[in-house]
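Trainee: For chain X, the structure is supplied; the task is to place chain R on it using the hints.
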Amino acid sequence: MQTKRTASSARKRKQETPDKDTAGIGAFSGSGVAQLADIVTSSKESQGGEHEHPHVNYPKIYKYLVILLFISVTGPMLGFKVVTLITAFGIAIVKALMVAGFFMHLKFERVYITYLLLTCLLFLFVLFSFIAPDILNHEGANWKKQPDRPVFNIPEPIANPDDSSSSDSAFE
Amino acid sequence: MSFEVPVATRRSVTGIPTGRLGIWWVVASEIVIFGGLIVSYTLFRLHHAEWAHEAAHTSVFLGALNTLILLSSSFSVVLAHKSIVENRPNDAVKFLKWTILGGLGFLVVKSIEYTTEISHGYTLFTSVFWSFYYIMTGLHATHVVAGMVAMGIVAQDVKNGKNLQRVEYVGIYWHFVDVVWIFLFPLLYIASGL
Chain X
1 MQTKRTASSA RKRKQETPDK DTAGIGAFSG SGVAQLADIV TSSKESQGGE HEHPHVNYPK
61 IYKYLVILLF ISVTGPMLGF KVVTLITAFG IAIVKALMVA GFFMHLKFER VYITYLLLTC
121 LLFLFVLFSF IAPDILNHEG ANWKKQPDRP VFNIPEPIAN PDDSSSSDSA FE
Chain R
1 MSFEVPVATR RSVTGIPTGR LGIWWVVASE IVIFGGLIVS YTLFRLHHAE WAHEAAHTSV
61 FLGALNTLIL LSSSFSVVLA HKSIVENRPN DAVKFLKWTI LGGLGFLVVK SIEYTTEISH
121 GYTLFTSVFW SFYYIMTGLH ATHVVAGMVA MGIVAQDVKN GKNLQRVEYV GIYWHFVDVV
181 WIFLFPLLYI ASGL
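These protein sequences, in sequence, are chains X and R.
Going by my numbering, the first residue of the first sequence is number 1, and it counts up by one from there.
Going by my numbering, the first residue of the second sequence is number 1, and it counts up by one from there.
Chain X extracted, bound-state conformation (with noise of 0.2 Å):
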């Protein structure tokens, strides 16, 4: 009996949002994500009354990230910049998104949670903008930063007596 209500309702609730998955998906093509979207077939169904799973292909997705994370780790070894950024940030940005839109299900979820999501997000943004002109910029139109001064007494790193080479890296 139970069953029956809720997979109506789940139901119902495609009905009144016929074009939400459709939407998630595009604002993932949007990433440069498009090519992940065969992961997802297009056979859904309504799981317990929960929300409706869709068949994601859970090993396809883990394997992409583990790809993911290997060009993060060595694109910075390049040593160009430009390349550090893409690398170690935009794909900082990609796992991000896969894992929240595939494991999370955030893909499938309610927009109401997305929207939750961002206006967190667009506090962050808040707080960045109205800090980073005091911190960034070294002088106004009536002040001057002064100099920084040291916060801590900074140690010198403690010598090993059995290590004879001097080392800069923790790990080296």
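One should not assume that every hint holds.
As the list claims (entries may be wrong) - Listed next, with one range per pair, are the computed distances between beta-carbon atoms:
no., chain 1, residue 1, chain 2, residue 2, range
1, R, VAL32, X, LEU85, 35 to 45 Å
2, R, LEU139, X, ILE135, 45 to 55 Å
3, R, PHE61, X, LYS144, 37 to 47 Å
4, X, PHE80, R, ILE112, 29 to 39 Å
Don't read these hints as lab results, they were simulated from the structure.
Using N, Cα and C, we set each Cβ at its ideal position, and we do this for glycine too.
Mentor: Using the frame of chain X, we list chain R on its own:
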């Protein structure tokens, strides 16, 4: 043993079960917590180019290993959710245990990193970069521990055939912890060339 939740627990306005709605609100509040730290760090990092030299002291290999561990644990927790949806609770418990093991592996690698860095004199009070490093990674590690505890409780419930829907909820939380690390990794480890 049923995966369905009572209709009374569903929020009529959003059409989302209360538990899942709750965990999304937790995630939203966590975005502000971690996001605030990340925004502050980014602002200071843009202002202090010399932090690149300090970031060079972190281990990219261990950071990448931890990223791989967290991505793998995210994969296993999503498989746990899939198992529940397909009415295979025993498999779900197995995958949840793998996820907890992944969290444990992450913490072991992190503790190796901390030990090495502290023994070389890079502590919480060494500089502002290291303060950010320890606070952000420490807060993240705390969330990993919390996720492992929650997952253990959920796994026990699933074993007893109770609250099966919570596998999805704890999964959403765990994926978020993974997403946070996805951003911490380039910021603290591989951006030393910028």
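Trainee: If any of the earlier hints don't hold here, list their numbers in rising order.
Mentor: 1, 2
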